[in-house]
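Chains as they are written, first to last, in the working numbering: chain B, 1 to 262; chain U, 1 to 288.
For the record, the hints were derived by calculation from the structure and aren't laboratory data.
Beta carbons: idealized from backbone N, C-alpha and C, even for Gly.
There may be inaccurate statements among the hints.
As the list claims (entries may be wrong) - A short, non-exhaustive set of chain U residues, derived as facing chain B with CB atoms under 7 Å:
id, residue
1, LEU15
2, ALA18
3, ALA90
4, ILE117
5, SER122
6, LEU140
7, GLY141
8, ILE247
9, GLY279
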Amino acid sequence: MMGWGVIRLWTILVYIFMFLPVAVVVLLSFNANQFGSFPVTGLSFRWFVELAENEAIIRAFKTSLLLGVLTAFISTTLGVLASLALVRYKVPGGNFISTLLIAPILVPEVVLAVALLLFLNFLSVHKSFFMLLMGHVIFTLPFVVLVVQARLIGIRRDVEEAAMSLGATPVQTFFQITLPLLAPAVFAGMLFSFTISFDDITGTLFWKPGGVETVPTQIFAMLRNSISPEINALGSVMIFFTVGVPLLGAAIARRLGNHQGR
Amino acid sequence: MSIEKREARQPWVLLSPALVSILLLLIVPLMFIVVYSFWLRTATGADQVGFYLDNWIEVLTDEFYRDILLQTLRIASVTTIVCAVMGYPAAYFIARSRGNKAILLLLLMLPFWISYIIRTMSWINILGVSGAFNSVLMMLGIIDEPLQLLYNEVTVILGLVHFLLPFMILNIYVSLEDIDRNLEDAACSLGAHRGRTFLEITLPLSLPGLAAGGLLCFVLGAGTYITPVILGGPRDAMFANLVFEAIITQLDWPLGSVLSLVLIAVLGSIVLVYNRFLGMRQLMKGLA
């Protein structure tokens, strides 16, 4: 049918629009051309070598990694505990509390960044790694709460009750029944908060102390001098980590699952 | 302590770390900048505590701030409309396709995993002076000199659309999936042709998703300051850029507080209107 054909073509164009620029980043990062721009003259890894030798970028990478891991750990812990309370107990004012917990999504990030910076500064907590961590925890928390709550509602209460009626204590029940069932949600929450933290620039630019850079702020600073092939190489590395690794992990998990199934 | 009392306390023990964090790191700071907005930054760089309306009067009466606010709302509106027009057919195709739905959805999730700043700067590779577009045109001999395509309002909107389109498609897709297909079949069997079925059944029923996607695109678009810095010219500043300038560059924190509060008031009232008519549930569906 003709109408359907037009919609299909439109969709293909939309997908090209979403992915072409990113594909060009990857393409140019392997370009041998000495300015790293068009035309593409050959395959080369020189920009990756230069990247690996750029100390500022390595330092930014380490900062981002540490920040992301700590953020994921803290924010997932807070989020899982809060979700458990909201889903498993009748809490007076539960709806209001739910809204409060996802409030950081509803506040524009710039405003959240300003408020946190000014308030902590008033308490004599100055721009620091600590402030970055607090900020990242606050705006990743809602995503963890949303993901974990959705999953927790799906876990039937009877399984927990069965364990308890068989003599397990609430703590035993949590660690042996609820947590294993919840594991995918915990993992998803961690991955989510890590990615959001690793990618953040809006709040980070407000909270980071002078001289400390994360990967996005480092790229931002480098862009001031115009685009360089190193940025494209860095982009390729980041795309590999944030897209390639999870996809690979999912594919492996699927394969293992299939084998077990047989 | 009795068992009942302990039972009743338990959820609060679980909730308190998250609640205390939200209160201390979000709610109290927001109230604090309301107080801060009435202080004054003096020439020495110290804050003068008190109740001064100077900053409020400046921001609310100076045309400069009003113009940038209007420019911000205009950019966000155009971005939202473009996202809707580009996204709706694509979401419809994904929802109604049979074979490759899984792969299309997976591809749709990918942009969320690719760094925002990488995606934004990638347009420099396409439209820059030595970018793909200019190179192709020069190679074909259509132009001799590279065209200056970047650093204007159009490229800011382009960058925002590129960033926000997946949010729009995902939200529309979710509401299209929720529609009972029997309704469409019923309309068809009662003699409505496909176009009419779409206009009278499918489109109205998918409006909540369209609205949720629209709200997300608008609010996220209107609150950004990175895209205008990377893809815009000096005249394409958005309201959040003013906040950044006031806080980081000029270190005028009371002024920055006023600007932040104006931004949250404008965007917040849009969220409230949305909430009044449509509720938050649809939005949460799209996010989770």
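Verify the interface restraint on SER122 of chain U: the C-beta must sit less than 7 Å from at least one C-beta of chain B. This interface hint holds because 4 Å falls under the 7 Å limit.
Answer holds if the nearest beta-carbon of chain B is closer than 7 Å to that of GLY279 of chain U; otherwise answer violated. Violated: closest Cβ of chain B sits about 12 Å from GLY279 of chain U, beyond 7 Å.
Taking the closest Cβ pair, is LEU15 of chain U under 7 Å from chain B? holds, 4 Å
Given GLY141 of chain U as an interface hint, is its Cβ closer than 7 Å to any Cβ of chain B? violated, 15 Å
Does the interface hint hold: is ALA90 of chain U within less than 7 Å of chain B, judged Cβ to Cβ? holds, 4 Å
Just to be careful: measuring from the Cβ of ILE247 of chain U to every Cβ in chain B, is the smallest value less than 7 Å? At 6 Å from the nearest chain B Cβ, ILE247 of chain U passes the 7 Å test, so the hint holds.
Just to be careful: measuring from the Cβ of ILE117 of chain U to every Cβ in chain B, is the smallest value less than 7 Å? Since chain B brings a Cβ to about 5 Å from ILE117 of chain U, closer than 7 Å, the hint holds.
Should the hint that LEU140 of chain U touches chain B count as held when the rule is a Cβ pair under 7 Å? violated, 13 Å
Quick check on the hint: ALA18 of chain U CB to chain B CB, less than 7 Å? With a minimum Cβ separation of about 4 Å from chain B (threshold 7 Å), the hint on ALA18 of chain U holds.
Hints 6, 7 and 9 from the earlier list are contradicted by this structure; the remaining hints agree with it.
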